[in-house]
Amino acid sequence: MIQILSGVATHAVALLLYPGLAAILAFGGLVELVWMRLSVPEPGWPELSRRRPTPVAGTIAVGAILASVQLAAPYNLVPGEERSIVLAAVGLAFTVWAELALTVEFVAEPGLLLVIQMCWLLAVLGPAVQPESLRPQVLGNVLVPGLLPVKLACAFLYLLCLPALMRLWPLAPPTERRGRRRLDARRVLTWFPYCGLFTTLFFPPQGDDAPGLLRFFGLTVLVAAVVIVAGIVVQRRGAGVVRGTYTRVVTPFAGLVLATVVATSILMK
Amino acid sequence: MLEAGAAFVAWLGMSVVVLADGRRGLALGIVLVTAGLAVIVFQGAGPIAAGALGVGGAAAALRRLTHGPSGWRVMPPGSTPRVVLCVAAGILVLWISFSATTAGDSALRFAILTVLGLSVARVLSSDEPSTLLTAIALLALGIAATVGIGSLSHGLGAVTQSEWPYIAAALVAALAGWLPVRTANVA
Amino acid sequence: MWRESAEVVVFTAFALAFALTFAPAPTQRRSLMFRGGVGLAGTIAIAAVPTFELSLLALLVLGVLHAAVNGKQSFATRLRAPVLAVALLALALVFARAQGSDVLGRFAAVGLVAGLAAGIGLLPYLHPFDPEDPVSASPIAWFAFIGPVLAVVVVAGTHGVLGPDAGGAFGATLVGVGLVNVAWGGVAAWSTENTIAAWRYSFIADWGLALCGFGLTVADGRRAALLVIFSIVLCRLPLYVASRQALREKALTERPVNLVVAAALAGSAPFAGFAARVLLLRGATQMFWPLGLVLAVAMLLWLPGSLRLGRSLGLPRGRRALGVALVLALNVAVGLYPLPLLQAAGQ
Amino acid sequence: MPSAAVLGPVVIPLLAAAVIAAVGLARFDLGRTAGAGGAWGCVAALLALWLPVRSSVELILGQLGYGSALDLRIDGVTFAFGLMIAVPIAVLLTLQPRAWPQTALSLLALAAAMAAVEAGGVVLTAIAGGTVATLAVVMLETEDPRAPRPSWALLLAGWLGVAWVGVILQVVGGTAVYTAVPVAAITGPVFAVLAASAVIASCLFPWRTWLAVLWRRPSLRAAAVTIATVYPLGFYLLIRAYELGDGRYPHPLFNVGLAVLGIAAAFAAAARAQAAATRREFFGEVIPGFGGFALTAIAIGTPLGLVAGLILLATASALVACLALLPDRAGIASVVAVAAAVGLPPGLAFGARVVGVEATFEAGDFLGLIGVASAAAWATWMVAGARAIGLPGGRGRPASETFAGVAMLIATLTLVAGPALAVIQFGMANPVAAEVMQATAGTLTGGRVAVVTVSSVLPVVTLFVPLLLIGVAIYALTDISAIRTQARPAIFRIPAAASLERFRAAVRAASVPDQYRTILNLKQLEAAAAGGSPVFWLAALVALGFAVTR
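Chains as they are written, first to last, in this note's numbering: chain A, 240 to 508; chain B, 76 to 262; chain C, 337 to 683; chain D, 816 to 1365.
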């Protein structure tokens, strides 16, 4: 019983503090501010919403912290063998759709977004098909030449999907353009899990020491930067081009990635 | 030689039954068939069996003589198909009895096949109760005669030495003529 | 053989007792008692007489008497099928006993199957049918009263007389004729407009299964055929008798009892029909498994027709309700535990 | 424990049904008490038989007459499926008022379903399963003849197929008893018939089947009992098939085929759910969706997949009771039910689906791709669930059969029971794996605290408990008034649905052109056969003679 209680306490700390809620809010808040500053240069700081949070925020928070404790962040209190790529993927998948529960107007192009999410799921789970391992850090540590094409293809597909999943694309629904811009709680809660998961899946795991911590967060910030740049480029292309790109480029590319995964499994068998 | 003749008489009798519509013709047919069958059965099954068939047939003929359409009415107009039927059936049964099947009792087979075949043909092609009951009487006699065929020992093939089938058939033949049948059952 | 035919006679006796007990009007009861008694005596004769010729004579007498019973059809029309049956069986007897080439044995087998089909009233030798006929004057009497004993006597009688080659032809012909009747009866019971005609077709379909069971020359086939005969005589016939009143009043109802009756008529579990189907599939699998597949698919044909027949029962009350309950209970008992029935028949 | 006690779970509801019927015929209705007593008695008997010994108890009486002895057995599989069938029916019979014929029929269906899962052989399972199907149709048809119900032919076809497999095993292997059938008897074709029959019996198809359509009935009383009794039996057969094949299906292609069918069913249900016009329509697709995920997990062929599938089925059986009691109006009960149905973390459905997806990755070869497809189907369910929260309720149902509080309690329990996933696996699912996959069941370790997979550990207690507490705390702070109930467009149109519906309409409307004259008039053919025409009869005789001389 003592062992269980200590386990519960450990996981509670991981969920609430690090790499959980506190780390999410800190990292997410900073990156969101950078994004808002770069994407629409308006004077003053964005205001915080004073109303009670909706179940949407609750659902996104639960999903985000569940995903974040699966990351290979140094000093993560959750042991390595307890982390699972499936928990991370499903946790983040919930965050995309929570707003649809409130009203349809909050989600633009839900059909296209669902397809993009499926492409993202392929990018996250594809690398696990051949190694048959579910630990994110093990997948990140895979350097077998035969598996590198899948890893690279999935990494690129992952990055392609992020701007849409993080709602950085210009297809945002009309309700978001009223009055002074507010801090997007959904995005704040998902910056760290999405970027941290990329770092965990596609880079070797870092040691539980200061340099490891710096390297992990350095890489995660780098991923966030790449996503922000991609977001800005996508914003400038306009809704039509973006919709066409995701429909005629990203989706076929996902098919290619799927073919790569299958071919790799056949060749490595 | 006697059996062959008897078989021919049986065929002749069945032909008369098929061709005649009057009660006299039918009665004559019954007499001829009974005679033919009785002679052949006498050779194989003995006097009691032959006697039973004879009594049954005679009773049926007597009953038929007094009931049914009057007169002979042998080969009424339009009975050409029946003639063809009698001749063709005779030839077919002849071939079956004497070449397709072997062993001794070919005359009995000829008589039985003739009686069974032509009596069911008569039932299928007539609506007159007297004709139908006549055919039924002869069918019963024919069935009894099948007891004498073959030599297998059990099941359908069981050949019993008892004369019960002949007696039962005689009863059926005798009583068939007395069945009260309304011409049209339609209410 | 005689234990099986004796058991079938007991089935018919029970069916007659049911009809007499639960027949709605006293006037019907007297005529039913007389005709049923004669019929029962005839079936006992067919089963009990020592030789096959005497059975044929008994069948001939029954055929003539049944044709003479007043009904919608003429005497001549109703006489044809029974007489043809007797004649064909007698001809088969001649061919079976005669010496000669193997073809004779096969023709004997054809004669037996055709005679059996004509005797029961199955395709290709259907008995003439008029929905207005009383039960005792209609072909139902052949299906469910005389036919069962005739079938058992004829099939049991073939053992030892038809050689392996002819025996195989006999079985195959039975299965072929059975499947034709299954298909025809199953589809017609569903598509025909007249509900009484639908009952008749359902008897034909059941008999198709019985012939298939007899045609499977394995023990399970015979057991299946016996159970199908049981469900004809002690399920379909009593329920048909019980539904006559509602059929006249054209009362269709959809109560639990109607659907349970539909299930019993459709051969659904847990009724005797399902146990028969299990044994039939078992026998077919032993002989030729594709036949099992054909039979399994064919068994689905019962459902649509049975739903309609179940509804045609109306809402039985009082004595009729008790009768229907007894029939269903008996069929559930036999459906779950058919062993005593099969052992009594020496299976 | 005397082996005759095995009859308890079957006889108790049977006796209760008999008493209710007898008293009902005497014009007196015992009401819910007797029905609930019979059902809870069945549950109690099952628990009393299994929990003390947790090993097989078997009763073998004499031969029945179709090659099978009366062989009833309670083992891990029976216990798991017995609970899945009996508990929801007990809850429904306790709460929902019914006329005594419906109560008696429900108890008979429960008794037959218990007999089906207690049967020691395939043939007995077929007979009992066929009885369940019969009673289900009778129940539905008499409750409301005009309302949709399953096709009787479809249900009977499934159970006839099972009966056929049983007799094939009797003929080929000498017995159809699960524990005695020689592995060599389970050939590919035999298993194909068994699997097809199981799929038909539970209607595990991608297109909309009676499972979804039953939820549109005006009253859901008979529908819920039907789904609770008929639906698990197909899965029961697929799990017993492992026992017949000594822990494996005859060929890996069967595993892949059934898993893909499961994914197709789950994804198609999700696609229909996201296009639902009302919340009732959405809930109608929940059980088929669970069935699809459960079939995928079970078909993977590993003990981990099997236990995941069982827990999904257990969750689905709880949701059958929940959805049957849920009123057609907005409110917290409905939102919680949607959350439980979609598998919101850290619920039981969430945990079981995660384990199911993980099992596919660790099953080897390409099965990981099925895991990716599972995740995609689950994502579609998330979309459908989020959209359903704001949908209008539905056509409304009799208030006497709905209990919002109890429905919410059941839904909440499935959400709160996430941390108990390992306990449920240990207590209910592992014995099943030990029974049917004896060789590989040893890999299921982790005790009551965690679910151990090949490459990872799912710490259900230590991770889900704090996550649950955090979630409750967050949701306690939230305000659900922001949810706007509105008619919502479908996220995407199912391309095949419209063409499938057009094809069906075309087939129904197909008719022979007027000028067509058949040369084969069946009516005339029959008239010739019945009219005693000598020519026809002679021709038939000649045809038969010709046939036998070939």
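These aren't lab readings, by the way, just hints derived from the structure by calculation. One or more hints might be untrue.
Derived DSS-like pairs: lysine-lysine, alpha-carbon spacing no greater than 25 Å straight-line [unchecked claim]: (1) C/K586 x C/K408; (2) D/K1338 x C/K408; (3) D/K1338 x C/K586.
From the derived model, a few chain A residues whose C-beta atoms are all more than 10 Å from chain D [what the hints assert, rightly or not]: (4) L272; (5) R276; (6) Y314; (7) F333; (8) P349; (9) L364; (10) G446; (11) G451; (12) G457; (13) G479; (14) V488; (15) L506.
This structure is a prediction, so every number in the text was calculated from the model and none was measured. Every residue, glycine too, gets a C-beta built ideally from N, C-alpha and C.
Each hint tested on the structure:
For the given pair, C/K586 sits about 20 Å from C/K408 by alpha-carbon distance, which is consistent with the 25 Å threshold. A hinted pair counts as satisfied when its Cα atoms are at most 25 Å apart, and D/K1338 with C/K408 qualifies at roughly 20 Å. As the CA atoms of D/K1338 and C/K586 are separated by approximately 24 Å, the hinted pair is consistent with the 25 Å bound. Here A/L272 stays apart from chain D, with its beta-carbon at least about 23 Å from theirs, past the 10 Å limit.
No Cβ of chain D comes within 10 Å of the Cβ of A/R276; the nearest lies about 29 Å off, and the non-interface call holds. At the 10 Å boundary, the C-beta of A/Y314 stays outside the reach of chain D, the nearest C-beta of that chain being 17 Å off. Some Cβ of chain D comes within 10 Å of the Cβ of A/F333; the nearest lies about 6 Å off, and the non-interface call is violated. Its beta-carbon lying about 5 Å from the closest one in chain D, A/P349 breaks the requirement of being farther than 10 Å from that chain.
Listed as outside the interface, A/L364 is inconsistent with that label: its C-beta sits roughly 5 Å from the nearest C-beta of chain D, within the 10 Å cut-off. With a least CB separation of 21 Å from chain D, A/G446 remains clear of the 10 Å interface cut-off, as annotated. Consistency note on A/G451: stated as away from chain D, and its beta-carbon is indeed over 10 Å from all of that chain's, at 22 Å minimum. With a cut of 10 Å on Cβ distances, A/G457 stays outside the contact zone with chain D, its closest approach being about 27 Å.
Distance to chain D confirms A/G479 as a non-interface residue, since its nearest Cβ pair spans about 20 Å, more than 10 Å. Non-interface call for A/V488 relative to chain D: holds, since the shortest CB-CB distance, roughly 20 Å, exceeds 10 Å. Residue-level check passed: A/L506 sits 12 Å from the nearest beta carbon of chain D, beyond 10 Å.
Hints 7, 8, 9, counting from the list given before, are not met by this structure.
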